[in-house]
Amino acid sequence: MSAFVARRRRLAMVVAFAAVVAAACSSGDPILDAGIDPTAPPPPPQTAAPGETLPPTIPATTTTTPFADLPECPVDALGDGDNPVEVTYWHGLGGESEEALKDLVAGYHDSQDRVRVRLQNQGGYNETIDKYLGSGADGRPELVLMPEYMLAQMVDSESVVPADVCVNESDFDMSAFLPRVRSAYVTGGVLWGMPFNVSGPVLYFNKKMFREAGLDPNKPPETLEEIRRYSQRLVDSGASGTGIALDSGQDNGGGWFLEQWFAKGKKLYADNANGRSAPATQVLYDDQFGVDLLSDVRKLVDDGLAAHVGANPSGYDSFLKLADPKRPAAMTIGTSAALGTLITTLDGGLVPGITSEQFGVGPMPGPATQPGVLLGGASLYVVADKDDEQTAAAWDFVEYAVSAEVQSTWASRTGYVPVRSDAIDIEPLRTTYDDDPRFKVAYDQLNAATEDPSAFGPVIGPLREIRATNSNAVGAILNGADPAAELEKAASQANRLIRNYNTLNS
Amino acid sequence: MATEHQGLEIDRVTGWRMAPRYALLVVVSVIVLFPVYTTVIAALKPGDKVLDNPLVPDAFTLDVLRNAWERGNLDRYLLNSAVVALVVTFMQVVTAVLSAYAFSFLHFPGRNLLFFAFLATLLIPIEATLVVNLQTIDSLGWKNSYQGLAVPFFATAFGTFLMRQVFLQLPRDMRDAATIDGVGHLGFLRHVAIPLVRPTIGAMALFAFLSTWNMYLWPVLVADEEEWRTVQSGLKQLAAAGIDEPNLIQAGTVIAAIPVAAVLLLFQRQLVRGLTAGAVKG
Amino acid sequence: MRDVGWQWRDLPTGLVMIAPSALVLGAFLVYPLVKTVSLGRQRCNESGTRCVTTGWDQYSDVWRSDEFQQALWVTGKFTLLVVPIGLALGIGLAMLADRYLRGIGIFRAIFSSTVATSVAVASLMWFFLLQPDVGVIPNIGWVEDLFGVVKEPGLLRDPGTALTSVAMSSVWAGLGFTFILVTAGLQGIPADLHEAAAIDGAGGFRRFWSVTLPMLGPTLLFVVVVLTSRAFQAYGEIDLLTDGGPDPQQSTTTVTYLVYGDSSVVRSDAGLQATTAVWLFVILLVLAALQLRGFGRRVHYGD
Numbered sequence: 001m002s003a004f005v006a007r008r009r010r011l012a013m014v015v016a017f018a019a020v021v022a023a024a025c026s027s028g029d030p031i032l033d034a035g036i037d038p039t040a041p042p043p044p045p046q047t048a049a050p051g052e053t054l055p056p057t058i059p060a061t062t063t064t065t066p067f068a069d070l071p072e073c074p075v076d077a078l079g080d081g082d083n084p085v086e087v088t089y090w091h092g093l094g095g096e097s098e099e100a101l102k103d104l105v106a107g108y109h110d111s112q113d114r115v116r117v118r119l120q121n122q123g124g125y126n127e128t129i130d131k132y133l134g135s136g137a138d139g140r141p142e143l144v145l146m147p148e149y150m151l152a153q154m155v156d157s158e159s160v161v162p163a164d165v166c167v168n169e170s171d172f173d174m175s176a177f178l179p180r181v182r183s184a185y186v187t188g189g190v191l192w193g194m195p196f197n198v199s200g201p202v203l204y205f206n207k208k209m210f211r212e213a214g215l216d217p218n219k220p221p222e223t224l225e226e227i228r229r230y231s232q233r234l235v236d237s238g239a240s241g242t243g244i245a246l247d248s249g250q251d252n253g254g255g256w257f258l259e260q261w262f263a264k265g266k267k268l269y270a271d272n273a274n275g276r277s278a279p280a281t282q283v284l285y286d287d288q289f290g291v292d293l294l295s296d297v298r299k300l301v302d303d304g305l306a307a308h309v310g311a312n313p314s315g316y317d318s319f320l321k322l323a324d325p326k327r328p329a330a331m332t333i334g335t336s337a338a339l340g341t342l343i344t345t346l347d348g349g350l351v352p353g354i355t356s357e358q359f360g361v362g363p364m365p366g367p368a369t370q371p372g373v374l375l376g377g378a379s380l381y382v383v384a385d386k387d388d389e390q391t392a393a394a395w396d397f398v399e400y401a402v403s404a405e406v407q408s409t410w411a412s413r414t415g416y417v418p419v420r421s422d423a424i425d426i427e428p429l430r431t432t433y434d435d436d437p438r439f440k441v442a443y444d445q446l447n448a449a450t451e452d453p454s455a456f457g458p459v460i461g462p463l464r465e466i467r468a469t470n471s472n473a474v475g476a477i478l479n480g481a482d483p484a485a486e487l488e489k490a491a492s493q494a495n496r497l498i499r500n501y502n503t504l505n506s
Numbered sequence: 001m002a003t004e005h006q007g008l009e010i011d012r013v014t015g016w017r018m019a020p021r022y023a024l025l026v027v028v029s030v031i032v033l034f035p036v037y038t039t040v041i042a043a044l045k046p047g048d049k050v051l052d053n054p055l056v057p058d059a060f061t062l063d064v065l066r067n068a069w070e071r072g073n074l075d076r077y078l079l080n081s082a083v084v085a086l087v088v089t090f091m092q093v094v095t096a097v098l099s100a101y102a103f104s105f106l107h108f109p110g111r112n113l114l115f116f117a118f119l120a121t122l123l124i125p126i127e128a129t130l131v132v133n134l135q136t137i138d139s140l141g142w143k144n145s146y147q148g149l150a151v152p153f154f155a156t157a158f159g160t161f162l163m164r165q166v167f168l169q170l171p172r173d174m175r176d177a178a179t180i181d182g183v184g185h186l187g188f189l190r191h192v193a194i195p196l197v198r199p200t201i202g203a204m205a206l207f208a209f210l211s212t213w214n215m216y217l218w219p220v221l222v223a224d225e226e227e228w229r230t231v232q233s234g235l236k237q238l239a240a241a242g243i244d245e246p247n248l249i250q251a252g253t254v255i256a257a258i259p260v261a262a263v264l265l266l267f268q269r270q271l272v273r274g275l276t277a278g279a280v281k282g
Numbered sequence: 001m002r003d004v005g006w007q008w009r010d011l012p013t014g015l016v017m018i019a020p021s022a023l024v025l026g027a028f029l030v031y032p033l034v035k036t037v038s039l040g041r042q043r044c045n046e047s048g049t050r051c052v053t054t055g056w057d058q059y060s061d062v063w064r065s066d067e068f069q070q071a072l073w074v075t076g077k078f079t080l081l082v083v084p085i086g087l088a089l090g091i092g093l094a095m096l097a098d099r100y101l102r103g104i105g106i107f108r109a110i111f112s113s114t115v116a117t118s119v120a121v122a123s124l125m126w127f128f129l130l131q132p133d134v135g136v137i138p139n140i141g142w143v144e145d146l147f148g149v150v151k152e153p154g155l156l157r158d159p160g161t162a163l164t165s166v167a168m169s170s171v172w173a174g175l176g177f178t179f180i181l182v183t184a185g186l187q188g189i190p191a192d193l194h195e196a197a198a199i200d201g202a203g204g205f206r207r208f209w210s211v212t213l214p215m216l217g218p219t220l221l222f223v224v225v226v227l228t229s230r231a232f233q234a235y236g237e238i239d240l241l242t243d244g245g246p247d248p249q250q251s252t253t254t255v256t257y258l259v260y261g262d263s264s265v266v267r268s269d270a271g272l273q274a275t276t277a278v279w280l281f282v283i284l285l286v287l288a289a290l291q292l293r294g295f296g297r298r299v300h301y302g303d
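Chains as they are written, first to last, in our numbering: chain A, 1 to 506; chain B, 1 to 282; chain C, 1 to 303.
Hints are not guaranteed to be accurate.
Listed below are several chain B residues computed to face chain C (Cβ distance under 7 Å; list not exhaustive) [what the hints assert, rightly or not]:
#1 Y101
#2 A155
#3 Y216
If you are wondering where the hints come from, they were derived from the structure by calculation, not from laboratory data.
Glycine included, each C-beta is placed from N, C-alpha and C at the ideal position.
Here chain A stands alone, though its shape is the one from the complex (with noise of 0.2 Å):
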């Protein structure tokens, strides 16, 4: 075969191809439409057969649902026998804060024999979420610790014993408990998880730079025009290389702290006050005040006066930029959790000339209208279908961790918040509050009271999802996109999502 005709050849498959792709060019539509008609209807409700029961569902309206219909918590199954039961608990933390779950639990076995706790920790809360709605119900542990934006699917999936059961059984009192705390992780009018690592946003600060430029390290910044003051002060006097650091990730400033702002804002993030009183359908974020608060942010970046450390998928990136040895940040908002770890790293002497007590903590920066905050962390979820005997372990073990003298050890050497008030005046908590105020930031809060829907947070299947789409969006605007145009965009993406969600579990 001559050249010539080889190279037609192969010249015409390289532009069939070509025209291939060409013409089946982007249609524009996000792949989340794919295969769904988005103008159709959702589908009808389910109805029963003739002679079958449909699964209880949980009703849309504020009304607790009667425990008939939820699984039972046999807490009293727990027999006296020889072999100790053996529950499996999923968590996904790391650091300072898994050393402390591992003493948290060898504490559990020193104190009984008839129960033993297996961690297995599963790498972060992604891989645990992941790992846990792949499972089969036999592949799934007796506990696990899934982070707050699970509580919808965790309901959902059906899979778990709501603790409301277990706490009716076994009248565990649970008047000592944050109202807040309690509140996260009511849906329904049913407390479905036990909170158990409860922590909130709070600004960190460098405390020296605040005093080389003037300012007082004991007012901190509280809201946003506070930050641009303070920015401005501390970049001017050089004290430091800009403001405030700030990320687009999904768990710190892409995603948890849009709902933060929100929340303190008074406005709603999703309708169906939030998706408390019936399955969200919408989300609401994308109006004007969202557009003008992320804004403000982006002009921050844009003056110098904040770093924008991007995705953060470590989590410890806008901590890094406090240690950067050139151009350091001065503040920078984090969750409490990293508090214990921050210490223990400075007091490490990582960073060449500061130490943890140069570092302050203050209350999360944001619109004043509606003080306190969201919480974050996990609870603790029984799983259900398994024996009477290992649900009475997971329950006996839920009941360990969330007492008092626990929750004071484990605030204390964490920087979580205690889930309940009367752990603060036990030992070891209550040196650790007199001793360092910093750690009773968060505690106060969390503590202030509220019965506004907007300050408790969504709850919207997805929310996972949303946070991510949101991480991409807020990220790309404080690359420089137009923010009106971004949020529009994720607002419509979740919106999808919501839909999707809905018409797949239904």
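Since chain A is already given, all that's left is putting chains B and C on it; use the hints.
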């Protein structure tokens, strides 16, 4: 990795020309080794000194390595990686040799079609199979076990292809002579064919070992329990482990790379042979 | 090979010997592919417990969707960076080290050394080179003065430079492999060809173009095919370095990352994952065919 080839006589560099040539070689070597250099230095410094002088080894300690070993559970990860890699290597060689023999020495109808089908599987990327394989492994109860990590890789079409190539180069007469002597297929395989193609088997084994050892995505999905992770997915764990010792992960990286480096050093020749078998012969 | 015709008696033996390979390949490659194709017609919920069939439209919808096209574009850019640069550097290094010199073996060992790194190891090494706050390169004084983006916001965080940085890490990781292959290929060129060309008056450079490169044909083709395939399937680098990339436009989300990445929107739906994965398979198939037929014609197979 020394190869015997010493370059052409006519290109021999002598006299003053050697200096710039050496200089260039050194500069390029520095650039190529730079990431390794910085990682090793960081791994051998104590945690608080890591940020000071990243280019200069001004402090030395083995503590971080020890810490990474213990905290990072690296001994278990290395064991898992080793077991899986060894088992997979062995099985790949066995299945490849058997099927390659059938494709080269036997002449049954449909043979070529079947071989073509084998080759076609080379085009299937692992990503297209992961979700379903995960479900299969899960339903067999093999998640977080050596079986789950190893069994899907017990055969590869590339191995069959390679062994077939090399079997085809054996003289036909050898087989005919053996048949006349009454030697059966397995006997021929064991006593004649395999010993003759030992170098290629070695290369293939080495290649299989390395690829399995370096696998990332599958172990991440299949083995999420602590005790079953491999070194590669375990590194990702270390990355999330802690900010209090930032060079923990460099230490882990060094530990993870040592076994492979050792194996490669020992088996350089086989590696080159294995890599080039598909290339030069086309 | 002498033509002997079919022998039916070989059939049972043949099948038995092929069976182990066939079983494994069938169960873990062919069956999943088929099942994935059918899964690609469905949409599933997060936990994969409920799936709804939507039809073949899902395939065309996914192909034409914004995110997929964007991922295709990113993957194409990534490949166009990794393959030519990796190839050129590999050839360059091989030519550099292809000389009689004392101690050349050490340099050859150094140049091959990256073959000892896995994706995870290589990516992490690069991560600590490039991390803008505490990484090595951004904290070297003059680097920041010359190239501000290295420090602020960081090569991996700036949408303009992130993909190139990931590509460089990938090129570095593949250097050893390419070097070994090209060196072996150089080995296979008969010396008399070079000598003949030299006698005809061809200098070093001329000889490279008219003797070395053509004779390296099969090797280079192999390298290109492997590098391209690897580039299209790149996952670990992105997972460890950028997590899909600074936005906007998800600058480092390749097609594979779109399927399995932590920050990918597709991750929540096993059906969408399957559809995208099947498209990846099709693309790789077409690419391989194009490369083998398109460039294979040009390749000179020697005497």
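So, going through the hints one by one against the coordinates:
1. Y101: Nearest chain C Cβ about 6 Å off; hint holds.
2. A155: holds (4 Å)
3. Y216: holds (4 Å)
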